[in-house]
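Construct all of the structure, not just a fragment, from the sequences and the given hints.
In case you want the letters, here they are:
There are 4 protein chains.
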Amino acid sequence: MSKPAPKKVVLAYSGGLDTSIILKWLQTEYNAEVVTFTADLGQGEELAPAKEKALKLGIKPENIFIDDLREEFVRDFVFPMFRANTVYEGQYLLGTSIARPLISKRQIEIARMVGADAVCHGATGKGNDQVRFELGYYALEPDIRVVAPWREWDFKSREALLEFAEKHQIPISKDKRGEAPFSVDANLLHSSSEGKVLEDPAVEAPEFVHQRTIAPEDAPDTPTIITIAYEKGDPVAIDGEALSPAALLTKLNQLGHDNGVGRLDMVENRFIGMKSRGVYETPGGTIMLAAHRGMESITLDRGAMHLKDELMPKYASLIYNGFWFSPEREMLQAAIDHSQQKVSGTVRVKLYKGNVTIIGRESPNSLYDQDLVTFEEGVQAYDHKDAEGFIKLNALRLRVLAKRDGQKG
Amino acid sequence: MSKPAPKKVVLAYSGGLDTSIILKWLQTEYNAEVVTFTADLGQGEELAPAKEKALKLGIKPENIFIDDLREEFVRDFVFPMFRANTVYEGQYLLGTSIARPLISKRQIEIARMVGADAVCHGATGKGNDQVRFELGYYALEPDIRVVAPWREWDFKSREALLEFAEKHQIPISKDKRGEAPFSVDANLLHSSSEGKVLEDPAVEAPEFVHQRTIAPEDAPDTPTIITIAYEKGDPVAIDGEALSPAALLTKLNQLGHDNGVGRLDMVENRFIGMKSRGVYETPGGTIMLAAHRGMESITLDRGAMHLKDELMPKYASLIYNGFWFSPEREMLQAAIDHSQQKVSGTVRVKLYKGNVTIIGRESPNSLYDQDLVTFEEGVQAYDHKDAEGFIKLNALRLRVLAKRDGQKG
Amino acid sequence: MSKPAPKKVVLAYSGGLDTSIILKWLQTEYNAEVVTFTADLGQGEELAPAKEKALKLGIKPENIFIDDLREEFVRDFVFPMFRANTVYEGQYLLGTSIARPLISKRQIEIARMVGADAVCHGATGKGNDQVRFELGYYALEPDIRVVAPWREWDFKSREALLEFAEKHQIPISKDKRGEAPFSVDANLLHSSSEGKVLEDPAVEAPEFVHQRTIAPEDAPDTPTIITIAYEKGDPVAIDGEALSPAALLTKLNQLGHDNGVGRLDMVENRFIGMKSRGVYETPGGTIMLAAHRGMESITLDRGAMHLKDELMPKYASLIYNGFWFSPEREMLQAAIDHSQQKVSGTVRVKLYKGNVTIIGRESPNSLYDQDLVTFEEGVQAYDHKDAEGFIKLNALRLRVLAKRDGQKG
Amino acid sequence: MSKPAPKKVVLAYSGGLDTSIILKWLQTEYNAEVVTFTADLGQGEELAPAKEKALKLGIKPENIFIDDLREEFVRDFVFPMFRANTVYEGQYLLGTSIARPLISKRQIEIARMVGADAVCHGATGKGNDQVRFELGYYALEPDIRVVAPWREWDFKSREALLEFAEKHQIPISKDKRGEAPFSVDANLLHSSSEGKVLEDPAVEAPEFVHQRTIAPEDAPDTPTIITIAYEKGDPVAIDGEALSPAALLTKLNQLGHDNGVGRLDMVENRFIGMKSRGVYETPGGTIMLAAHRGMESITLDRGAMHLKDELMPKYASLIYNGFWFSPEREMLQAAIDHSQQKVSGTVRVKLYKGNVTIIGRESPNSLYDQDLVTFEEGVQAYDHKDAEGFIKLNALRLRVLAKRDGQKG
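Residue numbers (the working numbering), protein chains in the order written: chain Z, 165 to 573; chain H, 165 to 573; chain A, 165 to 573; chain Y, 165 to 573.
Keep in mind that the hints were calculated from the coordinates and are not lab data. Some hints here could point you the wrong way.
A pair counts as met if it fits within one copy or between any two copies, since identical chains are not told apart.
Using 20 Å as the maximum straight-line C-alpha spacing, the simulated PhoX-like pairs for lysine-lysine come out as follows [unchecked claim]: (1) Lys360 with Lys340; (2) Lys320 with Lys549; (3) Lys320 with Lys340; (4) Lys290 with Lys549; (5) Lys549 with Lys167; (6) Lys360 with Lys320; (7) Lys396 with Lys567; (8) Lys188 with Lys340; (9) Lys331 with Lys220; (10) Lys331 with Lys320.
If you're wondering where the values come from, they're calculated on a predicted model, not measured in any experiment.
Shown next as structure tokens:
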């Protein structure tokens, strides 16, 4: 409130109605110079219109930034996260959460380049994304001025917003007149839908909310079988064809889409304290989760695997809550990455009407290999009798307890 | 070796060839009085033949114990485990592991009843089950003499075993002459297959190893939708029909079977230190895992849920490794059970060609309920402005770090 | 801001200057009826003056609550916490943190009794205590109106506060005219000092900040040796004399005080995101921590102990952050309490110039007892040869790894 | 048993009676060529006599290895462990455990150099050390033949051993005729005493078992104050004097010794399943533990510190159990080391009759620094009002719970 007005603001700008209103509001409310930043994270929309709209709204050409961040997104954010087999609350693949730190990072970079004193995002005041954006901003540029219009402005209703838009000649497409039946976020990893028609968790999600996948019922009657190659924990090729990170995920998305793979309907716990219901579609990510586990199953030692499994829930919460740029996330990443040096090889995956099944795994680094476990005769071979001592000493403390405590039951 | 010979032994007896050979070996090797214990854990075999065979092998009628343990198995072992959403190494539902402590417990109870000084099982020296059985025995009866024939006897080959069987007139069915293409364990929760044709993890598991499920490809083209009711974390009814634990799991198994649900092909890490490949079928359990998570999603607080998720990997390892009767498993159970008091309500589940999808959740204890989260006007309602303070204080330490460490990248 | 004014407020009232100002401010700012609640938590101050002051400030007799909560404090808060060997950031015994939930609880109980719509505390806006008080209030009475004067009022300086006090005839003792050289919180478990003369963490804490302990240098030259008896994880007697929880802790405090035991000078991390430096004196608690570990060392199984050690940091953070009344704290407590059933016996403790040394432990439930670990000859005795199998199977996965990875270094 | 005889064995040789007997036994039992390896780990014994004895027992000069490993020990094992503030079961500084992997590593290196097929150690069959040595051997050289004489030979009594010694002209010093009143292990980090006079945990450890420290009662009446400088988590100088790792620990040991610092009398849980009582003296290590925590308290972020605290118990168990050379220990080390980049500065430590007190901390990387936490006016300064939103959103889930669950109590 008594904060000084921002002078030059880097706005995460989609080109849509809401961020266009924000753009105009920044100009009128603060008389601020606005710099727009529009990123291609694989959301599936063209970026050219965003540029045009920005120009129309009076943004100077040198203040318009359009970036294709897809490769960086997959390589530096999605892949590291998948090395940990990350799921939030047992299920969610964190498609929205993992995109936020990259947007924050790029906004801060642009702010430095153009000498802006503020950044601005279009996330609402009841969600997780405001937290994720702003933790990212502050972690990278601690004195930055953050503008969060949805928490600041006085518009009391959708009508008031539309009125403001009309007054400032922001074009409103017909379908934006009424309220949307649900809201959507999308990037190369997933699309999410929530709100309105999805608000009652007792009611099945309607088919029309889905955008990235066909229904399992509509998928082909014959399975699709693919081979994914891994190097040091990351997928690098499909069916022998080496692909860049973004290209690989794009291809897996198509394969998942076509086979009805990757839908999730869940009620989750937001960082800000309430439960919400979301429908997620993560076709390629769902395949990657299964494939990575399959690859690890023959290349990763038990001790490493179990430690990873124990650390994962915390790691997932950190990402969900917006703490990507935190020392503890980096510490966990160091541990996880250390474990992936030998996670290389190939996994065969069967896709069929929503199912992802690992049907084969091979690796030059296999710890399963038959020859490997057969030790030199007489010296090292597995001796069945070893098991007795192993059991006896594992049992020792339990026996002492039983002697003390007497018969149970 | 220099252990005294057991005098009276309670043998976990299936009635099959292997445990019949063990039975005879106990008699001939140790001149021991053998007490057979055959349990119905829902493995799908009749128990009458086991009784006949035992009689034929000279076991006194009062030394033959046949128990139907299905209700106890599901109520006291399976359900408590599912309250924790337990999976081992991200995937395995622990169908074999969870049955072992009950068998151990019952064997010890019988040993006390009949005054036996020893117990005996038919698990091999390279597997997990020997550990699970024996940790159970020792935890309950610390001075019991454990006989583990596969680690003790001198038979060097399958041929030697069969020769011994023939010599002692143990009937050998034709299909047991050669080596089985894979070995099987089954109970009401699952069936597992491993060995021989499954040994190469690069090669897809053949369709014929599956016993509890039809292939997704063979399942009906239309979904089956059911409603499961929960009380305090345990399922109690299907489509409004109250069912006992074993009856409920039996019904879910049938539903899962018919819809190709619950297959898993994985390479896992054994407690005794090697990797092995198994094919598991857990039709009802797979449905329960999804349904329980769905039920918890609206009835369990975030703090409780995340703590459960963090504790689960350790809890799963304890069960997998055979530490059911350990103080630490009981401590974890106390924490988990404490969380389940309000996990009641209904979940709607869609089964379709291998997929289990939660499509609705309802509960009188819902923490999601819209009315509930709307607080008294003006006093408590969610204030968007609260988010700013929440973010600012969560960010504070990150900002201090950023000031110290300077610009990253 | 636009919150409705509280009508009847239960104020946590110490009788000191600050809470007297708050009392008057509630009356003048909100025209609210004030109910004072003054608790004896063992802070070492008489309560009678608080009553008199409240009367003088116009509080109706029936609105003055004075409670001796010492037994409840130690029995239901301190002892459960010590069962977990709780330390925050490796050192801090949580003396302030553990008192807050009890005050919150009692304030809410009084609010219900007198029909108050609001509660009020005197904690500042930069500390942890505001969080602890308010999380307690909200967890117990979700719609309560919370008044936090230090975050709400307009006084810009100490002078403005004193002016307000004078204007309203609140007596100001001479030593309160200037700013205190440090601030203090105290209860039966500890006293803490922070601020001003302690602000530079490079500078040694002056001797005069200490209140509960003499310096080790000033303690007697001969040790004091005591025996503490435990039952189910809680101390119940000293040197054979059974004592109530509060009486026992009072006695330990005296013993600790006299021997210079329990001082801690540390920099800690507050929940609200900054570091602060505190000097803590926890004489009795320091003895209890050592004694409880000593008692557990012979009565607690390894599995239980290690699980407790792994859970403790999270449990400590929950208490530090104010989440005593949370499902996850209760879950952890359930696990911890489950482990304490056999933690009974006696511990001999030597106190000497700041040192607390466990010099003997005895228990009817000892798991160490020599006879206990000597098993029946020939059957169960510890066989050195068992160790070989134990080692071989624990080594198996490491050997497989070594074979795969080749020579290290 | 049916293992092939070792041909050339690298023996961890102390020069004492027991390992001399082992040396001779290897020669007589297996007709093996023996290579002796004697390390200086700071145990405080001269190595020259070991060489002479080995020669006397017929070892070829080229088969005698004498290594000063003190610097490597402290730099590569002790320091990394102290970065984690490692204590086992809340107290033990792991002085014995941390030395074993280095001995194993060096033995394997020598085995490779001299072409030995076997290694041999003198640890008994009831302790942890056999496990630690052998897990180290196997992790580094999976096919190595391990000889563990105490588990293999037929000597039934001390007398039999002495008889064997006499028969083979191994000199027996007078004090070795009878059984020692306790046994000792020592290195630069600590000395441990256990057995015989220490076996009853109810009885105080006699003063004469202590070797590394004087009693607090005998220490000077005036404190010693030192300043320790840290770089990236490791101590590098005392009172301004830069010291090598081993020199620094040697100096701290002397300081600790002189001030009665670092005694511990505890009952611990061995990996092999039993409880044992040990008296440990870790003078320098006790100082380092306190100093490192002090250094971290101003330089380490809360998130990093709490994660470290949560990981530590597992890390400690891994070292205690002998898993230094395991992937999971290395993963944890990667996380820990990542956190230490800024843990530099100085700590002032007061030593006084057993007490170690941190009385000052300074660092160019301080996160506590007053200037640092004062943000640019008006934009970023800590706003007391932020706390309200922080509390409200942290409370939200608890309020929803309270609304559902109704009044407690």
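Here is how each hint holds up against the structure:
1. For the identical chains of this complex, Lys360 and Lys340 are intra-copy neighbours only, at 15 Å inside a copy versus 58 Å across copies, given an alpha-carbon limit of 20 Å.
2. Within a single copy, Lys320 and Lys549 get their C-alpha atoms only as close as 76 Å, which misses the 20 Å cut-off; across copies the closest is 14 Å, which meets it.
3. Taking CA atoms no more than 20 Å apart as the test, Lys320 paired with Lys340 passes inside one copy only; the shortest distance there is 17 Å, against 48 Å between copies.
4. For a Cα distance limit of 20 Å, the shortest separation of Lys290 from Lys549 across copies, 9 Å, qualifies, whereas the shortest one inside one copy, 61 Å, does not.
5. Within a single copy, Lys549 and Lys167 get their C-alpha atoms only as close as 75 Å, which misses the 20 Å cut-off; across copies the closest is 13 Å, which meets it.
6. In this assembly of identical chains, Lys360 and Lys320 lie within 20 Å of each other by CA distance solely inside one copy; the values are 18 Å within and 46 Å between copies.
7. Proximity of Lys396 and Lys567 under a CA criterion of 20 Å is satisfied inter-copy only: 19 Å between copies versus 49 Å inside one chain copy.
8. Proximity of Lys188 to Lys340 under the C-alpha cut-off of 20 Å is restricted to the intra-copy arrangement: shortest distance 17 Å within a copy versus 53 Å between copies.
9. When the C-alpha separation of Lys331 and Lys220 is checked against a cutoff of 20 Å, the pair qualifies only within one copy, where the shortest distance is 15 Å, while the shortest distance between copies is 61 Å.
10. For a Cα distance limit of 20 Å, the shortest separation of Lys331 from Lys320 inside one copy, 16 Å, qualifies, whereas the shortest one across copies, 42 Å, does not.
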